[in-house]
Amino acid sequence: MSPKDWLNTIALLKQAFEDEVELDLFKLLLTTDEREAIINRVKIITLLLDGSMNQRELKDHLGIGIATVTRGSNSLKEASPEFKLWLEKNLQP
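Numbered according to numbering that gives the first Met the number 0, the sequence shown spans residues 0 to 92.
For the record, the hints were derived by calculation from the structure and aren't laboratory data.
None of these values were measured; they are calculated from a predicted model.
It is possible that part of the hints are untrue.
The following label-pair restraints were derived from C-beta to C-beta distances [unchecked claim]:
hint: 1; residue 1: Glu87; residue 2: Asn53; range: 24 to 30 Å
hint: 2; residue 1: Leu84; residue 2: Gln14; range: 23 to 29 Å
hint: 3; residue 1: Gln54; residue 2: Gln14; range: 18 to 24 Å
hint: 4; residue 1: Gly62; residue 2: Leu90; range: 18 to 24 Å
Ideal Cβ placement from N, Cα and C applies to all residues, glycine included.
Between the sequences and the hints, there should be enough to build the whole structure, so can you do that?
Below, the structure written as structure tokens:
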């Protein structure tokens with residue numbers, strides 16, 4: 000994946016939101032399983048930031064593998080403090 004391709008993809012997503020066709024674009028680009036994986040990643044990040052569950056409890060709560068939870072946790076560790084604050088403000092429990 001080249002950085003230019005990634006930025007072009009982000010620009011397309013941004014334009015889809017501006018034009019209010021984001022649901023159509025996501026249905027076109029992502030399979031049902033891929034959409035479910037994104038939903039689970041958001042849930043993982045939300046619950047990890049909340050701090051109410053450890054990774055094993057989270058795995059059982061969401062019915063997913065521990066490796067999936069660990070990947071979400073590792074991604075969150077790489078996020079800047081400013082971005083974590085943004086996430087906490089914008090994620091819905």
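Verification of the supplied hints:
1. Separation of Glu87 from Asn53 is about 18 Å and departs from the stated range, judged on CB atoms against 24 to 30 Å.
2. Between Leu84 and Gln14, the C-beta spacing of about 27 Å keeps the proposed range 23 to 29 Å intact.
3. Distance hint check for Gln54 and Gln14: the Cβ-Cβ separation is about 36 Å, which falls outside the suggested range of 18 to 24 Å.
4. The supplied range of 18 to 24 Å is met by Gly62 and Leu90, whose beta-carbon atoms lie about 20 Å from each other.
The structure fails to meet hints 1, 3 from the earlier list, while all remaining hints are met.
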